[in-house]
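*Asks:* Here is how the chains run, residue by residue.
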Amino acid sequence: MEGMSDPLDLLDLDSLLTDDEKAIRAAARQVCADAVDPYVMQWYEQGDLPAARELAREFGKVGLLGMHLEGYGCAGLGSVDYGLACLELEASDSGIRSLVSVQGSLAMFAIWRFGSEDHKQEWLPRMAAGEAIGCFGLTEPDHGSDPASMRARARRDGEDWVINGSKTWITNGSIADVAVVWANAGEEHGGIRGFVVPTRTRGFTAHKIHHKMSLRASVTSELTFEDLRLPADAVLPDVRGLKGPLACLSEARYGIVWGSLGAARSSLDAARRYSKERVQFDRPIGGFQLTQAKLAAMATELQLGQLLALHLGRRKDTVGLRPEQVSVGKYNNVTKALEICRTARTILGANGVSGEWPVMRHANNLESVLTYEGTVEMHTLVIGQALTGESAFR
Amino acid sequence: MNIVVCVKYVPDAQSDRSFRDSDRTVDRDGVDGLLSELDEYAVEEALKIVEAAGEGEVTVLTVGPEAAANAIKKALQMGADRGVHVEDEAIHGSDAAATSLVLAEAVRKATGGTPELVMTGMSSTDGVMGVVPAMLAERLGLPQVTYASELTVGEGTVTIRRDGDTASETIEASLPALVSVTDQINEPRYPSFKGIMAAKKKPVEQWGLADLGIDTSQVGLDAAWTSVVSVTKRPPRAQGQIVADEGDGGSRLAEFLAGQKFI
Chain A
21 MEGMSDPLDL LDLDSLLTDD EKAIRAAARQ VCADAVDPYV MQWYEQGDLP AARELAREFG
81 KVGLLGMHLE GYGCAGLGSV DYGLACLELE ASDSGIRSLV SVQGSLAMFA IWRFGSEDHK
141 QEWLPRMAAG EAIGCFGLTE PDHGSDPASM RARARRDGED WVINGSKTWI TNGSIADVAV
201 VWANAGEEHG GIRGFVVPTR TRGFTAHKIH HKMSLRASVT SELTFEDLRL PADAVLPDVR
261 GLKGPLACLS EARYGIVWGS LGAARSSLDA ARRYSKERVQ FDRPIGGFQL TQAKLAAMAT
321 ELQLGQLLAL HLGRRKDTVG LRPEQVSVGK YNNVTKALEI CRTARTILGA NGVSGEWPVM
381 RHANNLESVL TYEGTVEMHT LVIGQALTGE SAFR
Chain B
3 MNIVVCVKYV PDAQSDRSFR DSDRTVDRDG VDGLLSELDE YAVEEALKIV EAAGEGEVTV
63 LTVGPEAAAN AIKKALQMGA DRGVHVEDEA IHGSDAAATS LVLAEAVRKA TGGTPELVMT
123 GMSSTDGVMG VVPAMLAERL GLPQVTYASE LTVGEGTVTI RRDGDTASET IEASLPALVS
183 VTDQINEPRY PSFKGIMAAK KKPVEQWGLA DLGIDTSQVG LDAAWTSVVS VTKRPPRAQG
243 QIVADEGDGG SRLAEFLAGQ KFI
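Going down the list, the protein sequences come from chains A and B. For our numbering, add 20 to where a residue sits in the first sequence, where the first one is 1. For our numbering, add 2 to where a residue sits in the second sequence, where the first one is 1.
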C-alpha cells in the first residue's frame with residue numbers, strides 16, 4: 021500500500037466500510053461539527069443543554085433519531101450505520117450521544133418494538149423528526165443493577181392504569197414529551213409492564229438533577245408518579261416482564277460500544293496534535309519515547325475497539341447478538357476508551373484539565389458511560405456467567 | 003420548473019494542492035476532491051425553488067474526470083433528481099471558454115434544447131475565475147443575472163438582488179435565464195440519511211464529447227486560449243517583526259502601519 025497512514029486509522033479500517041456507510045458517517049460528523057462542537061463546552065460548563073429542542077430538530081432533519089428503525093419516518097439503516105453515527109456524536113460529547121441514544125434506542129425502540137399501532141403512529145414520526153423528545157424510566161433511586169426489584173407500581177382501576185413510584189437518572193427527563201415508564205403491575209397483569217406516558221399527564225413530574233460532574237451537557241432528571249392515571253391503551257401490549265426493558269438496554273448498549281470510541285478518538289487526536297506542537301527540552305514532546313508509548317497504546321486500543329464494534333455490528337445485522345456479546349463490547353470499549361482519555365490528559369499536562377481541550381470533558385463523561393446501561397461490573401459478571409454457566413449475582 | 007445546476011468537482015482546499023510538472027494542470031492525484039462549496043448554494047437554491055413550486059426537477063451537471071461523479075452524488079444526496087456527467091479524456095486541461103462550450107451543449111442535450119433556468123455558483127473554489135456563468139449564458143443565448151444574494155421566481159421572470167460595495171441592485175430577467183448565486187443566498191442543507199440512500203437510485207447519465215457533437219480539437223489543453231507558463235510555489239510566510247516596547251511602542255507601531263500604507 022502506498023501513501024501515508026491516517027493517524028486515526030492506522031489499520032485502514034475504513035476499507036471495511038461501504039461508501040454508503042462512509043457517507044452516513046460524514047453526514048453525522050457534519051451536523052455535529054456545525055450544531056454541537058462550537059457550543060458544547062459552554063453547555064458543559066453551564067451544566068445544561070438549553071438547545072436540546074433545536075438540536076433534536078437538527079438531528080431529526082438528518083435522520084439521526086431512530087435511524088436504525090424501519091418505517092414511521094425513521095431512516096431504516098443498518099447497525100453499522102447507527103454505530104458510526106454514535107461514534108461521531110460521542111466524538112463531540114457523550115451527553116449529546118446520550119440524547120440520541122435515549123431517544124432512538126430506548127424510547128423509540130420500546131414503542132417501535134412493543135407498542136400498539138396507535139402508539140407508533142402517534143409518537144414515532146414526531147420523535148424521528150425531533151419534534152417530540154422521549155425518555156425511558158427504568159432505574160429507581162434504590163434499584164439500579166437489579167431492576168426486577170423495582171418499587172414503581174401500576175394497578176388497575178376499572179379500565180385505567182394508576183402508577184405510583186419514582187425513577188432517577190433519567191436522560192432527557194425534564195425535556196421529554198413522552199416517557200416510556202416501566203412499573204410492576206403484579207403477577208396477574210404480567211409483572212413488569214411498560215407504559216407510554218405523555219409527560220403532561222397529571223401526576224407526572226420531572227426534576228432536573230443538578231451538580232453532576234459528568235455528562236454535564238445532558239439533561240438528567242428524577243421522575244415521580246403520583247396517582248398517575250393512564251387509559252387502558254397506554255400499556256405496551258406486546259411485552260411482559262423484564263425482557264422488555266432489557267431488550268431496549270441491549271440496543272442502547274450496542275450504541276455505546278461504538279460511541280465510547282468517539283470520545284477516545286477525539287482525545288487521541290487532541291493528544292497527538294498537542295504532542296507535535298508542545299516543545300519541551302527543545303523538542304516536541306511527541307519525540308519522547310514515553311509519549312510515543314502512550315500514543316501507540318492509545319491508537320492500538322482504539323483500532324482494536326473499532327474492529328470489535330464493527331464485528332458486533334455486522335453480526336447484529338445478519339444473525340443477531342447474544343447479550344454477553346454486547347457485554348464484551350461495552351466492557352472492553354468503555355474501559356479502554358476511558359483509559360485512552362485519561363492517558364491523553366497526561367500528554368496534555370495542565371492543559372489537559374482545561375476546557376479549551378476536550379479530553380477532560382470526555383474522560384469525565386465516560387465515568388458515567390462506564391456505569392450506565394449496565395455497570396462495568398454487571399457486564400463482567402454477564403461474561404463470567406457465559407463462561408462458567410454460574411450466575412455470580414442472582 | 004426544471005432547473006439545471008452546473009457544479010464542479012474541486013480538490014479539497016484543506017489539503018495541500020499542487021500542479022502537475024508535466025503540463026502544469028491541477029494535480030488531482032493524492033488530493034481528496036469534493037463538490038465545490040460555492041456550488042452547494044446553487045444546488046440548495048434550486049431545490050428550494052422546486053420544493054416551493056411543488057413541481058419540476060433539478061438536474062445536476064458536471065464536466066470532469068471519473069471522480070467528479072462524487073460531486074454529482076453529493077448533490078443527489080442533498081435532493082437533486084438526476085445527474086449528468088460529461089467525461090472525456092480530451093477535456094483535460096480545458097480553459098473556461100472550452101468548459102462553457104461543453105456545459106452549453108450538455109445543457110441543451112439535457113433539456114431538449116430549451117432550458118428553463120440554469121444555475122451556477124459564483125465561481126469555483128479552485129480556479130476562482132468566475133467567468134464560466136457569463137460564457138455559458140452567452141453560448142446558450144440566455145439573459146445572465148449573476149452574483150445573486152436573493153432570488154425570486156415570478157411569472158416568466160426571475161428577480162435577483164446583487165449586493166455591491168456601494169449599492170444593492172435588484173435585477174429582473176425574463177425566463178429562461180442563467181443565474182449565478184453567492185454564498186449569502188442561503189444555508190445549504192446537509193444530505194440526510196434518507197437522501198443518501200435515495201441518491202443511489204437516482205439516474206446519472208454519462209456523456210462523452212461525441213454524444214454532444216463536440217470535436218476534440220475544440221477543447222483540452224491544446225485548444226486553450228491561455229496557458230500556464232510556469233508555476234512557483236509561494237514562499238513560506240516570513241516571521242513577523244517583533245517590536246519591543248521601550249516607551250516608544252505606540253509611535254513605532256504607527257510608523258509600521260503607515261509604512262505599509264495601512265493608515
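Among these hints, one or two may not hold up.
Claimed, not checked - Among the chain A residues that face chain B by a calculated CB cut under 10 Å, a handful are:
#1 97
#2 105
#3 317
#4 319
Since the hints were made in silico from the structure, they are not lab data. Model, not experiment: these values are computed from the prediction. Ideal placement from N, C-alpha and C gives every residue a C-beta, glycine not left out.
*Asks:* Verify the interface restraint on residue 97 of chain A: the C-beta must sit less than 10 Å from at least one C-beta of chain B.
*Replies:* holds (6 Å)
*Asks:* Holds or violated: residue 317 of chain A as interface residue toward chain B, Cβ cutoff 10 Å?
*Replies:* violated (29 Å)
*Asks:* Checking hints one by one. Is residue 105 of chain A an interface residue toward chain B, by the C-beta closer than 10 Å rule?
*Replies:* Hint on residue 105 of chain A: holds, closest Cβ of chain B at ~8 Å, below 10 Å.
*Asks:* Return the status of the interface hint for residue 319 of chain A: holds when the least beta-carbon distance to chain B is below 10 Å, violated otherwise.
*Replies:* violated (22 Å)
Consistency note: the structure conflicts with the earlier hints numbered 3 and 4.
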